[in-house]
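So in UniProt numbering, spot 66 of the sequence shown is number 66, and the numbers just go up one at a time.
There may be inaccurate statements among the hints.
[Said to hold, decoys possible] Simulated restraints, written as ranges between beta carbons of each label pair: (1) 37 - 199: 28 to 36 Å; (2) 73 - 118: 43 to 51 Å; (3) 112 - 29: 46 to 54 Å; (4) 112 - 178: 27 to 35 Å.
By construction, these hints were calculated from the structure, which means they are not laboratory data. For glycine and all other residues, C-beta sits at the position ideal for the given N, C-alpha and C.
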Amino acid sequence: MNGNNTRFNKVIHSKERDIIRVRTHGKVELDDFDRRVIGDTIREFYIVKKVVPTIPKMLPILQDKISWKWSMTSLRTVLRDMGFKWKKSQSKLVVFVERQDIVNWRVRYIRNITKLTLEGKEIFYLDETWVDNNLTLNRCWQKKGDIEGVMATGNAGNRHIIAHVGSEKGFLADDLLMYKAGAAKGDYHGQMNSDNFEKWLSTQVIPKLPSGSIGNGKQTDMTLTKYAVKEDMI
Numbered sequence: 001m002n003g004n005n006t007r008f009n010k011v012i013h014s015k016e017r018d019i020i021r022v023r024t025h026g027k028v029e030l031d032d033f034d035r036r037v038i039g040d041t042i043r044e045f046y047i048v049k050k051v052v053p054t055i056p057k058m059l060p061i062l063q064d065k066i067s068w069k070w071s072m073t074s075l076r077t078v079l080r081d082m083g084f085k086w087k088k089s090q091s092k093l094v095v096f097v098e099r100q101d102i103v104n105w106r107v108r109y110i111r112n113i114t115k116l117t118l119e120g121k122e123i124f125y126l127d128e129t130w131v132d133n134n135l136t137l138n139r140c141w142q143k144k145g146d147i148e149g150v151m152a153t154g155n156a157g158n159r160h161i162i163a164h165v166g167s168e169k170g171f172l173a174d175d176l177l178m179y180k181a182g183a184a185k186g187d188y189h190g191q192m193n194s195d196n197f198e199k200w201l202s203t204q205v206i207p208k209l210p211s212g213s214i215g216n217g218k219q220t221d222m223t224l225t226k227y228a229v230k231e232d233m234i
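Based on the provided sequences and hints, a complete structural model is requested.
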């Protein structure tokens, strides 16, 4: 090669290849391996990082992964050559990008739960579910005149709401919440809502927790979204 027209950047050693990447007259020279890395990097932004990839965000990562030596404009050109287009998002989400406040909330939870676990604290978990007549199998082994199998009702009535709290040591004693959804009478009636939930917590759950227990209260300072109205912002 003519030393006046070409410049060797570096030698790449790997199990898949042993090549010399060459930069000629400032032109971007990439092989199939480099292009796969670029495509995988974009997918990683969407699927793993939950962040929309942009040229400034991708540039330092590609500089580290494939020793990218060229400008942001060159990267934009390469992406277009690979079939990528910077255009309006599709109406149906293919990849869900989480709000940053949700991401931060999860980080805080993981840090707190790790800290409490290391301190040997007893951690209580809460869950809610429901059961009704429709929770049967659609198909089963049957024999006419002998074994009729499971009878499908086709009716979603008689739904019961169930909630409970427990730890590694078991459920809290006498803490089970179970009532028929839509009931007009009783301590708990209607569907599960904030009133029924808070009543259950304050009367049945919290009094039975060990002394000195801590927990999260009701969220009052909600993060604003693009759908917030004027009253939410004041």
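Status of the hints after comparison with the structure:
no.: 1; hint: 37 - 199: 28 to 36 Å; verdict: violated, 56 Å
no.: 2; hint: 73 - 118: 43 to 51 Å; verdict: holds, 49 Å
no.: 3; hint: 112 - 29: 46 to 54 Å; verdict: holds, 49 Å
no.: 4; hint: 112 - 178: 27 to 35 Å; verdict: holds, 30 Å
Comparing the model with each numbered hint stated earlier shows that hint 1 is the single one that does not hold.
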